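Colleague: Protein chains in written order, with the numbering used here: chain A, 1 to 412; chain B, 413 to 538.
These aren't lab readings, by the way, just hints derived from the structure by calculation. Here the structure is a predicted model, which means the values were calculated and not measured. Treat the hints with caution; some may be incorrect.
Said to hold, decoys possible - Per the computed footprint, the stretches of chain B lying under chain A, defined by three or more beta-carbons under 8 Å from a beta-carbon of chain A, are:
id: 1; segment: 444-450
id: 2; segment: 519-528
Claimed, not checked - With a Cα cut of at most 25 Å, we get these calculated SDA-like pairs of lysine to any residue:
id: 3; chain 1: B; residue 1: K444; chain 2: A; residue 2: M257
id: 4; chain 1: B; residue 1: K444; chain 2: A; residue 2: T266
id: 5; chain 1: B; residue 1: K444; chain 2: A; residue 2: I258
id: 6; chain 1: B; residue 1: K525; chain 2: A; residue 2: M257
id: 7; chain 1: A; residue 1: K82; chain 2: B; residue 2: S447
id: 8; chain 1: B; residue 1: K525; chain 2: A; residue 2: A269
id: 9; chain 1: B; residue 1: K525; chain 2: A; residue 2: E274
id: 10; chain 1: A; residue 1: K242; chain 2: B; residue 2: Q535
id: 11; chain 1: A; residue 1: K82; chain 2: B; residue 2: L505
id: 12; chain 1: B; residue 1: K525; chain 2: A; residue 2: T266
id: 13; chain 1: A; residue 1: K242; chain 2: B; residue 2: S506
id: 14; chain 1: B; residue 1: K444; chain 2: A; residue 2: A278
id: 15; chain 1: B; residue 1: K525; chain 2: A; residue 2: T267
We put the CB at the ideal spot given by N, CA and C, even for glycine.
Given next are the chains, with one letter for each unit.
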Amino acid sequence: MFDPQKYRADFPILSRQVHGKPLVYLDNAATSQKPRSVIQAISNYYENHNANVHRGVHQLGDESTTLFHTSRQIIADFFGAKVDELVVVRNTTEAANQIAQTWGSKNITDQDTILLTELEHHSNLVPWQELARRQGAQLVYLKVTSEGLLDLVDFKQQCQHLKSIKLLAFSHVSNALGTLNPVVDLVMELKKYHPAARVFVDGAQAAPHLSINFSQLDIDFYAVSAHKMVGPMGIGGLLVKKEVLEALSPWLVGGGMIDQVTLQTTTFADDLQERFTAGTPDVASLVGWAAACQYLSSIGMNVLFKYDQLLVAQTLERLTKIAELEVVGPLESHHRVGSVSFIYRGVHAHDVGQVLDSEGVAVRSGHHCTMPLHAKFDWQATVRASFQLYTTFDELEALVFGLQKVKKVFGL
Amino acid sequence: MNDMYHEQIIEEARQPQFYGRLVAVEMTLEGKNASCGDEVTIFLKFARKDDPTSPIAVLSWEGQGCVISRAAMSVLAGKIIEQKMTLTEIKNLSETDLEELLGLPQISIGRIKCLVLGLRTLQSGV
Numbered sequence: 001m002f003d004p005q006k007y008r009a010d011f012p013i014l015s016r017q018v019h020g021k022p023l024v025y026l027d028n029a030a031t032s033q034k035p036r037s038v039i040q041a042i043s044n045y046y047e048n049h050n051a052n053v054h055r056g057v058h059q060l061g062d063e064s065t066t067l068f069h070t071s072r073q074i075i076a077d078f079f080g081a082k083v084d085e086l087v088v089v090r091n092t093t094e095a096a097n098q099i100a101q102t103w104g105s106k107n108i109t110d111q112d113t114i115l116l117t118e119l120e121h122h123s124n125l126v127p128w129q130e131l132a133r134r135q136g137a138q139l140v141y142l143k144v145t146s147e148g149l150l151d152l153v154d155f156k157q158q159c160q161h162l163k164s165i166k167l168l169a170f171s172h173v174s175n176a177l178g179t180l181n182p183v184v185d186l187v188m189e190l191k192k193y194h195p196a197a198r199v200f201v202d203g204a205q206a207a208p209h210l211s212i213n214f215s216q217l218d219i220d221f222y223a224v225s226a227h228k229m230v231g232p233m234g235i236g237g238l239l240v241k242k243e244v245l246e247a248l249s250p251w252l253v254g255g256g257m258i259d260q261v262t263l264q265t266t267t268f269a270d271d272l273q274e275r276f277t278a279g280t281p282d283v284a285s286l287v288g289w290a291a292a293c294q295y296l297s298s299i300g301m302n303v304l305f306k307y308d309q310l311l312v313a314q315t316l317e318r319l320t321k322i323a324e325l326e327v328v329g330p331l332e333s334h335h336r337v338g339s340v341s342f343i344y345r346g347v348h349a350h351d352v353g354q355v356l357d358s359e360g361v362a363v364r365s366g367h368h369c370t371m372p373l374h375a376k377f378d379w380q381a382t383v384r385a386s387f388q389l390y391t392t393f394d395e396l397e398a399l400v401f402g403l404q405k406v407k408k409v410f411g412l
Numbered sequence: 413m414n415d416m417y418h419e420q421i422i423e424e425a426r427q428p429q430f431y432g433r434l435v436a437v438e439m440t441l442e443g444k445n446a447s448c449g450d451e452v453t454i455f456l457k458f459a460r461k462d463d464p465t466s467p468i469a470v471l472s473w474e475g476q477g478c479v480i481s482r483a484a485m486s487v488l489a490g491k492i493i494e495q496k497m498t499l500t501e502i503k504n505l506s507e508t509d510l511e512e513l514l515g516l517p518q519i520s521i522g523r524i525k526c527l528v529l530g531l532r533t534l535q536s537g538v
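Chain B on its own, in the form it takes in the complex:
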């Protein structure tokens, strides 16, 4: 348990990166976890206007969720913006990539849904 809630994760969830609602966006993606009620909405603008194959230039998100789902979405947002990733590149990211980003060795089966909520939501955009 202590491994799961290490300082970076708590901090990440408390002050998440790229959090907030954006208007005049080019793509809005919504995701939720039926079993726990966590939800996320992700707002995107692309490097080439209205071209979802081009790199993501602007990303913000908001949602209700546990520390794991918020921290995972936060670090994922950071990686996407830093590396100017495309939706296709995001499609190739896995659960393991998120575990590495968060510094979690192996998340328990009951929390995988929390970990991947943001990622699956972004992946639904392709």
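Same shape as in the complex, but just chain A:
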């Protein structure tokens, strides 16, 4: 069985204390901690190889260019994508915005429907909402059941009755409820009625825990963020099926991505990697992200998924026994990935978070960038405990202990 203790020493930050207590970091869905190999890959890049790519004819330029390309290849391989299907972006939000502004503005009309779900993070909602408003398109939301699952009966009906669904956008794993959405089934059902529809999947919460094979999925756009999968902040990927990317206009124009520039006109590079890399790329972060992919691969995503399932099951088991808590979202661990969210009856989520912090336990409190979902269920705010490969069962007990303290502090 997977033993997180073997890996905790790889993460320097985990040895620090918070308020005199050992750090229990359960806010991994917001961002994960970074192993030494990722931190060192970045510092090594700056200490030994830093130079701009594709430009200077000198040794450092060659080394940097080689690192840039090998890193891209490692990341693409990690997701089962072709290397030129990887467009590097800053984060998942940017990925959705890019597609909304380029593909969306060109292809969505006032005759079309954009189908989203009530589960979505604002990053996979606001860009499409704005797109619909600009183009006069219809925006329809797939319902979420009281168990926190997508309503597949509703989905089937929407697919049958809605005319011209041009885009379906949904999260692979919900950041607020941890719901694991049935990607393959959803796409199959959609394509029965709307074969030409494009599919955008927000993979930010899936990439840290699941093995993803982009080439095997009938999905046009898949967005991920490095920092949630033990990589650096500020870099992410938009995977786009090659034939779809070839038809897209570049959204950022200028340095590096050109074929020929005159004072009046410009033609763009045919090479997709060049065409969608405008300006100096963040090579150091790319190198760090590749190191993160290698770190995860060295353990194995299937191993990590199984371990996450154990953490989810144990958390559900422990938290559903606490009378003051209402666990929100799926109560069966196989429908959930990476996190468990809950409400502490009579205590606001921020107050719960504050008390837990005094015990060294870091969780997320709030609406988790899912205001419509919280409004639907009339939750003012929820508390989320989320996991990574270094999360231990002892840390889950620290969470339970911290929750007992909440009871004492507020005299319940």
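Assemble the complex: chain A is given as a structure, and chain B must be docked to it using the hints.
Modeller: Chain B in isolation, oriented as in the chain A frame:
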């Protein structure tokens, strides 16, 4: 660096084979490297008139570029004419073939574009 600029390469670039502009050609191919501004134009006539599947009978080229891009185009032109190659056969040539032709063990990543400019331009003709 010294390996890269050995005598044959410098000589090849200084007095390239089949250099010059041809008129009344059957195919003209243009290529360039956006990142450095190197460019090449290649003029072709075929063994069977206007049949681009037949061997290349006449080739000339001109362009602006670094020593590597000029030397590589030059030796490539020599090989094509000597071996009466077709465009399809040229399609199968690789970066490694050019390295061998030039006697360069392994060119640095920053110069690959220079090395293959002429080859990629010819390959765009199929």
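Colleague: Does S506(B) lie within 25 Å of K242(A) when you go C-alpha to C-alpha?
Modeller: holds, 24 Å
Colleague: Below or equal to 25 Å on CA atoms is what counts here, so check K525(B) against M257(A).
Modeller: At roughly 15 Å apart (the allowed maximum being 25 Å), M257(A) and K525(B) satisfy the hint.
Colleague: Compare the distance between the alpha carbons of K525(B) and T267(A) with 25 Å, and conclude whether the hinted pair is satisfied.
Modeller: At roughly 19 Å apart (the allowed maximum being 25 Å), T267(A) and K525(B) satisfy the hint.
Colleague: With a cut-off of 25 Å on the C-alpha distance, tell me whether K525(B) and T266(A) pass.
Modeller: Given that 25 Å is the threshold and the Cα spacing comes to 21 Å, the pair holds.
Colleague: Need the status of pair K444(B), I258(A): alpha-carbon distance at most 25 Å?
Modeller: holds, 11 Å
Colleague: Would the pair K82(A) and S447(B) pass a check requiring their Cα atoms to be no farther apart than 25 Å?
Modeller: Since the Cα atoms of K82(A) and S447(B) sit roughly 24 Å apart, the hinted pair holds (cutoff 25 Å).
Colleague: How does the segment 519-528 of chain B fare against chain A when you require at least three residues with a CB closer than 8 Å, holds or violated?
Modeller: That given contact holds, which follows from 4 residues of the segment 519-528 of chain B lying within Cβ reach (below 8 Å) of chain A.
Colleague: Using C-beta distances, would you say chain A covers the segment 444-450 of chain B, given that this needs three or more residues below 8 Å?
Modeller: That given contact holds, which follows from 3 residues of the segment 444-450 of chain B lying within Cβ reach (below 8 Å) of chain A.
Colleague: Quickly compare the C-alpha distance for K242(A) and Q535(B) to 25 Å and report which way the hint goes.
Modeller: Distance ~22 Å between K242(A) and Q535(B) Cα, so the pair holds.
Colleague: Mind checking the alpha carbons of K444(B) and T266(A) for me, to see if they're no more than 25 Å apart?
Modeller: holds, 14 Å
Colleague: Would the hint linking K444(B) and A278(A) be met if the CA-CA limit is 25 Å?
Modeller: Measuring from Cα to Cα gives roughly 19 Å; hence the hint holds.
Colleague: Does K525(B) pair with A269(A) here, judged by a C-alpha cut-off of 25 Å?
Modeller: holds, 14 Å
Every hint from the earlier list agrees with this structure, and none is contradicted.
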